[in-house]
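Here the structure of chain S is known, so what remains is to put chain L in place on it, guided by the hints.
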Amino acid sequence: MSGIDIRQKAWSAGLIVLFFVAWELFCLATGMSDLVLPRPSQVFVTLYQRFPVLWPHIVQTLATTMFGFVLGVALGVALGAIIGVSKTAYDTCYPLLIGFSSIPKVAVVPIFVLWFGSGTVPAVLTALSICFFPIVVNIATGLATTEPELEDVLKALGASKFDILWNVGLPRTMPFFFASLKVAVSYAFVGAVLSETVASNRGLGNVMMTASSNFNVPLVFASLFVLAALGVVLYVVFSLIEGRVTGWATRKNDVIAT
Amino acid sequence: MRMQPNAQFDGQPVPEGSGPTAIELSEASVTFGRGDRAVPALSKTSLRIADGEFVALVGPSGCGKSTILRLVSGLVQPTSGVVIVGGREVTARALRVGMAFQNPTMLPWMTIERNIMLPLKIVEPFRSNFRRLRKTEFRDKANTLLEQVGLKGFGSRYPWQLSGGMLQRANLCRALIHEPRLLLLDEPFGALDQFTREELWAILQNLWMTHKPTVLLVTHDLREAGFLASRICVMSARPGRILDDSRVEFVRPRTVAMTFEPNFVALNQKLRAFIEDARSATERGTG
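Top to bottom, those sequences are chains S and L. Sequential numbering from 495 applies to the first sequence in this note's numbering. Sequential numbering from 2 applies to the second sequence in this note's numbering.
Please keep in mind that the hints were generated in silico from the structure rather than gathered at the bench. Certain hints may be false.
As the list claims (entries may be wrong) - Derived CB-CB ranges, DEER-like:
{"hint": "1", "chain 1": "L", "residue 1": "R273", "chain 2": "S", "residue 2": "S654", "range": "42 to 50 Å"}
{"hint": "2", "chain 1": "L", "residue 1": "R273", "chain 2": "S", "residue 2": "E641", "range": "26 to 34 Å"}
{"hint": "3", "chain 1": "S", "residue 1": "T639", "chain 2": "L", "residue 2": "Q195", "range": "30 to 38 Å"}
{"hint": "4", "chain 1": "S", "residue 1": "T586", "chain 2": "L", "residue 2": "S47", "range": "36 to 44 Å"}
{"hint": "5", "chain 1": "S", "residue 1": "T639", "chain 2": "L", "residue 2": "N207", "range": "29 to 37 Å"}
Claimed, not checked - With a straight-line Cα cutoff of 25 Å, these simulated SDA-like cross-link-like pairs (lysine to any residue) come out:
{"hint": "6", "chain 1": "L", "residue 1": "K122", "chain 2": "S", "residue 2": "T639"}
{"hint": "7", "chain 1": "L", "residue 1": "K122", "chain 2": "S", "residue 2": "D646"}
{"hint": "8", "chain 1": "L", "residue 1": "K142", "chain 2": "L", "residue 2": "N207"}
{"hint": "9", "chain 1": "L", "residue 1": "K136", "chain 2": "L", "residue 2": "E114"}
{"hint": "10", "chain 1": "S", "residue 1": "K655", "chain 2": "L", "residue 2": "F131"}
{"hint": "11", "chain 1": "L", "residue 1": "K122", "chain 2": "S", "residue 2": "S580"}
{"hint": "12", "chain 1": "L", "residue 1": "K136", "chain 2": "S", "residue 2": "P665"}
{"hint": "13", "chain 1": "S", "residue 1": "K676", "chain 2": "S", "residue 2": "A507"}
{"hint": "14", "chain 1": "S", "residue 1": "K581", "chain 2": "S", "residue 2": "I592"}
{"hint": "15", "chain 1": "S", "residue 1": "K655", "chain 2": "L", "residue 2": "R133"}
{"hint": "16", "chain 1": "S", "residue 1": "K655", "chain 2": "L", "residue 2": "E180"}
{"hint": "17", "chain 1": "L", "residue 1": "K136", "chain 2": "S", "residue 2": "I658"}
{"hint": "18", "chain 1": "L", "residue 1": "K142", "chain 2": "S", "residue 2": "G652"}
{"hint": "19", "chain 1": "L", "residue 1": "K142", "chain 2": "S", "residue 2": "N661"}
{"hint": "20", "chain 1": "S", "residue 1": "K655", "chain 2": "L", "residue 2": "F127"}
{"hint": "21", "chain 1": "L", "residue 1": "K136", "chain 2": "S", "residue 2": "D657"}
{"hint": "22", "chain 1": "L", "residue 1": "K122", "chain 2": "S", "residue 2": "A638"}
{"hint": "23", "chain 1": "L", "residue 1": "K122", "chain 2": "S", "residue 2": "S654"}
{"hint": "24", "chain 1": "L", "residue 1": "K45", "chain 2": "L", "residue 2": "L76"}
{"hint": "25", "chain 1": "L", "residue 1": "K136", "chain 2": "S", "residue 2": "V739"}
{"hint": "26", "chain 1": "L", "residue 1": "K122", "chain 2": "S", "residue 2": "W660"}
{"hint": "27", "chain 1": "S", "residue 1": "K655", "chain 2": "L", "residue 2": "W110"}
{"hint": "28", "chain 1": "L", "residue 1": "K142", "chain 2": "S", "residue 2": "E645"}
{"hint": "29", "chain 1": "L", "residue 1": "K153", "chain 2": "L", "residue 2": "R140"}
{"hint": "30", "chain 1": "L", "residue 1": "K122", "chain 2": "S", "residue 2": "P665"}
{"hint": "31", "chain 1": "L", "residue 1": "K45", "chain 2": "L", "residue 2": "P21"}
{"hint": "32", "chain 1": "L", "residue 1": "K122", "chain 2": "S", "residue 2": "E645"}
{"hint": "33", "chain 1": "L", "residue 1": "K213", "chain 2": "L", "residue 2": "N144"}
{"hint": "34", "chain 1": "S", "residue 1": "K581", "chain 2": "L", "residue 2": "R38"}
{"hint": "35", "chain 1": "L", "residue 1": "K122", "chain 2": "S", "residue 2": "T640"}
{"hint": "36", "chain 1": "S", "residue 1": "K581", "chain 2": "L", "residue 2": "G34"}
{"hint": "37", "chain 1": "S", "residue 1": "K581", "chain 2": "L", "residue 2": "D37"}
{"hint": "38", "chain 1": "L", "residue 1": "K213", "chain 2": "L", "residue 2": "T145"}
{"hint": "39", "chain 1": "S", "residue 1": "K581", "chain 2": "L", "residue 2": "F33"}
{"hint": "40", "chain 1": "S", "residue 1": "K655", "chain 2": "L", "residue 2": "T112"}
Glycine included, C-beta positions come from ideal geometry on N, C-alpha and C.
Chain S on its own, in the form it takes in the complex:
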């Protein structure tokens, strides 16, 4: 088991290295200008040199992402619980929710800017509005798929709706919830950067905009690398939490007793 695990990880790492090596060689072979596509080595050097300047922006982006994400989770869980518990609410709210989620969030940022000015607030709101949808869907689905038979058993015992939600509905939803958190945190990240790109004077999105208008392409790429790395880190963190909390949902393959 762990042997296969390590080999799998080695392959993943190898692929990443291979990707950068191929990129480097491609740029060297074609004599590509670094105004178009800088070599990875250049990008890493820039990243190293400019890191002190980038750092506050990284903190800013991370903070807005997490803030928007936390609000999105709260809103998503609340909405998902309401929708999942009641069939009527599910049928009534779904079209509206899908409508909201289909709006490209780039189009919404100017509206947020109009209402709240540029800067942190629209970034948080964009992160929130982009990340709450998968959470709503997953919580609602988890709750709606509770076995009716178990519900009957508990109702016959005199269990209240809350009893059932607390003891059965919510724990059952956890695997769905944590799976959605992984997705949602990446979405929140995209939302925050998007808003910073359009309207902010801080954050990685803003750094990229400024850098590209100065033709500082290596800095643009350096920011992209940071974004990718942060995205991976956030994903990994939530995967680990998921494994801890809802391990029961993924262990079904090794049955012991007959």
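Using the frame of chain S, we list chain L on its own:
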């Protein structure tokens, strides 16, 4: 209501069913849906079950057997008529009912022990003491029951580590942990193979003889009904009515071997005839 003491008496000292009334349905009807799409599920059914009786409901599929269970548990309200359980009219909250269905529905994130203790988290007087006693008294209670169904030592396992038959035994434990006076079983062994099923009949019989709850068992297996029940009610096709109501007086504890004896087979054939009549009646009705 008809009572036909037809099966043989085998030296049973006190006839069962003479105790105080546990369940009484009078002229109870249930209709699902309204207007044109109304489906009558049960029509004017009257049934009286005494405290501590083991009653099996048999009949063609879709005849409203499960509807009776849902009526008694308070999950469904009668469209007309009255349902009285334990001396009072059933409202949304029935009193101390244990239920088990064909699907064991154990919660996958809890150990078997904790799954079985779930009703104690809901039902008073256990509920208020749950935090205090879950590691001591309640846990012992769960393990005593597990031992009675032959699952000793499996309390700390997770549901996915157990076979279907084992889960169904755990399901029986969960239905009994809160000491219900009334046990409602809806085809609990329907998904099991023949041998496991027969094994579980004996286990259920033992549980019943130990705890003496009133049991209402819905089943489509006539041998199962004959093995377990003190009384068998045959229902007609939808909308259900009770066609026949007979006592089963075979001595307890009953054994699987007894189910192949002539008078047991005769009982089976009599029941089968009723159900076939009911089935062909519907075919004529709809065809």
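Open item on the list: For each hint given before, does the structure comply? Return the numbers of the non-compliant ones in rising order.
Closed with: none
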